[in-house]
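Visitor: Residue strings, one per chain:
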Amino acid sequence: MAWRVEVGLKEGIRDARGERVKREIREHLGIELDQVRTIDVYTIDADLSPEEVEAAAQGPFSDPVIQCYAVNQPLAGQFDVLIEVGFRPGVTDNIGRTSREAIQYLTGRPFADDEGVYTSVQYLLTGQLDETAAERIAAGFLGNGLIQRWTIIAEADFDRKNGVPITVPKVVSTAEPKVREIDLNVSDEELMRISREGVLALNLEEMKVIQTFANDPKNQAERAEKGLTAGLTDVELEALAQTWSEHCKHKIFSARIDYEDGEGGSETIDSVFKTFIVGATRDVRAAKGKKDFCLSVFKDNAGVIRFNDDWSLVFKVETHNSPSALDPYGGALTGIVGVNRDPFGTGMGARLIFNTDVFCFASPFYGEPLPPRLLHPRRIFEGVVEGVEHGGNKSGVPTVNGSIVFDDRFAGKPLVYCGTAALMPAEIHGQPGHVKQARVGDRIMMVGGRIGKDGIHGATFSSEELHEGSPATAVQIGDPITQKRMFDFLIIARDRGLYNAITDNGAGGLSSSVGEMAEDTGGFEMHLDRAPLKYSGLQPWEILISEAQERMTVAVPESKAEEFIALAKEMDVEATDLGVFTDSGHYHCLYDGKTVTYLPMEFLHKGVPQLKLKARWENRNYEEPEVNQPLDMDATLRHLLGRLNICSKESVVRRYDHEVQAGTVLKPLVGVANDGPADAAMVRPLPDSFEGVVVAHGITPRYSDIDTYHMMACAIDEGLRNYVAVGGNIDHVAGLDNFCWCDPVQSDRTPDGEYKAAQLVRANKALYDYCLAFGVPLISGKDSMKNDYQIGDTKISIPPTVLFSVIGKIADIRKGVTMDAKRSGDLVYLLGITRNELGASEYYDMLGHLGKNVPAVDAASALQRYRSLNQAQKRDLLASCHDLSDGGLGVALAETAFAGGFGMHVDLRKVKCDEVLREDAVLFSESASRLLVTVKPENKAAFENIFAGQDLSLLGTVNEDRELRIVGLGGEILVRSHIDDLKEAWQAPLREM
Amino acid sequence: MSKQVRAIVIAGNGTNCERETAHACRLAGAEVVDIVHISELLNGRVLLQDYHFLNLAGGFLDGDDLGSAKAGANRLLHAPIKESNEHLSEHLRKFIADGKLIMGVCNGFQLMVKMGLLPALGGDFTQHATLTFNDNGRFEDRWVYLKADPDSPCIFTRGLEGMTLPVRHGEGKLVVDGEATLASIEEKHLGVLKYSLPDYSAPTQEYPLNPNGSIAAIAGLCDETGRLFGLMPHPEAYVHRTHHPRWTREEDLPEEGMGLWLYQNAVRFIRDELL
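In order, the protein sequences belong to chains H and A. Numbered by my numbering, the letters in the first sequence go through residues 1 to 993 in order. Numbered by my numbering, the letters in the second sequence go through residues 1 to 275 in order.
This is chain H alone, in the form it adopts within the complex (with noise of 0.2 angstroms):
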């Protein structure tokens, strides 16, 4: 029977969580109430007695000094509405698989497979509020109708001695496990309809293929062998739609394009991919020679480079935009455990260090009505915060470097980069540990979680824009702990050398990670009835395909089979061994002893055709807006400081732990008072060793409004500024590009389709370019491109947005620089070049305007000023140094002053510029490549000459005084403000997210 155990707190004891509901709810929805009281639900659907449901109640539920319990009545006191929000059937319950876990250890014994707890919230609300306003309360706020139900009870109609009702969201599915088979031979329109209802994915082109593929005698022939006949099985157009999805194949990527460039001069590129971005690292591998650090690059789940002798270092930056866009909890939280999985399962596994995480949204205070299906702004980001935080916190890796861009088209749908870096030993086993390979004859054993639908079509459906049909079963909720303790277990596995290859399973599932395994021997053979389920009634395609999280395969030799089980058992792990690796040449999956697919890995892996796009640049003749410079500067900055791209995040930086493993010398957070925008983090991975890793990043997506060519530029430029700026080599460090692009397919739903594959041609172009000129390999990315929202006849196209992501080295981390002001006395200096370089700027922005001079990238300077840069830190020689970016010299003057709480006396005239500006020109301009720093005057001459011959201005000094005092062009005093003032209006923005 089921039993239902609340929880609640003792009279007097402060709820915080309830006080934290009300306040949100007044924050999102602009609903105030008097009081929101919170109370657990456990609803346990398990043979247990009275005495011991008694126990679990008394125990592990409930807390004796500030929490009562009932069982099987109702705890609620006054309030004039409850709501009360569980999940779905299926939704992954965490807090429900630890109290089951904690029921047995109390009794000693085992749940039945049909035996679970479910958990819910109470929330008791009172104050004013109608059942509209209750309803969107629930709606809005508290649960999410994606993957929660609620049921809102109003005081009068409240059962004071039953309480809610007993529910049990179990799965129940009487449907039996079958096999459909798909006739192909049917019209276009037909072929059409097949891939939009299953989801597929799939263009007209690529359902021709497929069914030339199944009219093939030859094909018919070997898999009428296997007792199958000639038309496809459900089980094979589904594994062929992930192995060809968009999200696993790139196909825009890898398109063919005919690109004419707007001014007469046209080409065809074969694969952007292959063209831009292996080449670019083929090219800087073969100009370093010796100096060549990469060791895996684009073949496994994440980049290698070399770290040491003795270690390597793994990078792989994701995004997670369509689940989060759906529900941001959940998604963000998969975004973050599902990147750590992908250095975990690089080459034979590695120990991860570090967690990154960029976002992008609209404003959180944005007050537009918004169309159907999007969340509000506000909501994104408290989820996505959230998710990220209980997924970074939880898995025990620290999150140290990030950032928040805002941009109102984000509201279609938001960007979730999640990254994660990781160390692996530079050899296992006598092998490179970058290395791995299935052996025919390995067994194919799945480890960690159990499958669900969830997740199901996540691939495909990250592969189409956000539609009203998007599938709800797309999101799923990950699971911290259930990984952290399959990653305990697969370090020692690997440490005992108990299995030849690993991999993750993302998207696509099994489909995918089997698939791409059996790449190494040539085939397999996979028994899909043996793989463990959360609940009965899942068909054999949905087996394959179901990305539900916390698992990884593995490929374990025979002899190791036993073992590597039995260590699984002991530490509370389950592997499964779902069958073996072969060299068959066939993608082979059984269902009780059946087959279900035989398709040749050929087919699956090549046959997918080259997509062809046309790609066409306009020049779109911009003009420079006619604004006259602001009368009170002071004020011009003050607002700047406040606008959202510049704000502080701190209250965002603190909810990340992220100094956890004890590594992170440099952290989000510096100055005198712990709040500076730190530049990049700077992590110590090794506690016996100094060495150690700088990681940061570039992101400007307002500069694809005027050219994506120039975007790119400055996003490399930007990552490559903040590494440097506190110390990274700039002769050791590697690129990850993330591209989030809308739509460049041109078609009736996407009109200007080639212009944005002509953008996206571009942005790849200086992709080369610059990773050529700075030396820079890239060594793992991802792309992300339908990143549109499209219902009825709104569409909501992202900007196209890049993030350059790079990870490198510092020899000894006592050279670590940060961006605050140290003493008194010091020099102010500005390195490089001032330009007239306002378009699509912050200051511009503000002002409502786009402008034309988006700023452009000297890399031949920038490279020698950042090895400069180095040989001044090596010499420590450098107070402080902060790169110039959103809002341009004046805000890099503004924060290197207030995080250090001194002021700061400069004078405008001392600026170096290429031409005579005006003074908001050269405050705000945001030309690249451009560092703020500060020396002791001892060290004048030492510093003056190791930048001698380049881009040099002393600007003026650090005072004790604590203004910002900015004299202007013509001599006067243009800015006079106070550094509490400044900090204030940078704090103020997103204090209380």
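Be careful, since some hints might not be right.
Restricting the straight-line Cα-Cα distance to at most 27 angstroms, the calculated cross-link-like pairs of lysine-lysine (DSSO-like) are [as the list claims (entries may be wrong)]:
| no. | chain 1 | residue 1 | chain 2 | residue 2 |
| --- | --- | --- | --- | --- |
| 1 | H | Lys795 | H | Lys249 |
| 2 | H | Lys274 | H | Lys291 |
| 3 | A | Lys82 | H | Lys560 |
| 4 | H | Lys782 | H | Lys606 |
| 5 | H | Lys569 | A | Lys82 |
The hints are simulated quantities; they were obtained by calculation from the structure and are not laboratory data.
Fit chain A to the supplied structure of chain H, relying on the hints for placement.
Guide: Same frame as chain H, but now just chain A:
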């Protein structure tokens, strides 16, 4: 077992800080430091009695899903040791009775409190205190100042006036079951570390100096023997100068981090009293 100080750090099911905790023990001079997965203890292959210093590291045991460390405490209290009639909790009691040392940090502190190991007034191991949600309802990572009680029996804080360490938790507010418990804690000087003003002059209830609203500003608690000790801030996160958030500007910071002192005291005590 010769003359070696032997420390154990238990790992698994969501611990996160085992590696840096082990490193701190090594730096402090412990000769043997083992990170042991809990399954090794539950299988009886590793025995607690072979160690002097038990470290319960920070993390999120079982995701803190039932409240911080609740499910973890339930496991330690009820999990049997394979193929024996014994429970891990009995081994733990024996360890304590032998006068050995336990330090719990963050989640490890929450675990000790919820198992009744702290404050253990009068040697009574039933739960009289708890650690619950911070007053602001959020997880936070920030550095705090801690004032040590010179009259405390705590062996870990001997000779210590104050220290600065990071807190990284969402459930660090100490609450007790009544006035009497608090009075006993204060009277016996068991609330050995208190969130304080930056000059260590006085404890404070002011946010963010007191990051969670803990009663009597208590950040760390010991039992009456001074050998069982737990604290929310992370001493293992400040064992070197470069851990300090302002090491790039405070030029006179000593090479050794303040957190290390607690481990050094433990090792010294073991060498003097237990070997």
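Visitor: Take the hints in turn and mark each one as holding or not.
Guide: Against the structure, the hints:
1. A distance of roughly 26 angstroms separates the Cα atoms of Lys795 of chain H and Lys249 of chain H; the hinted pair therefore holds under the 27 angstroms criterion.
2. Between the alpha carbons of Lys274 of chain H and Lys291 of chain H the distance comes to roughly 23 angstroms, so the proposed pair stays at or under 27 angstroms and holds.
3. Annotation: proposed proximity of Lys82 of chain A to Lys560 of chain H holds, straight-line Cα distance about 24 angstroms (limit 27 angstroms).
4. This hinted pair checks out: Lys782 of chain H and Lys606 of chain H have alpha carbons roughly 20 angstroms apart, not beyond 27 angstroms.
5. Taken as a hint, the Lys569 of chain H and Lys82 of chain A pair is honoured in the structure, with Cα atoms around 13 angstroms apart against an allowance of 27 angstroms.
Of the hints listed earlier, there is not a single one the structure fails to meet.
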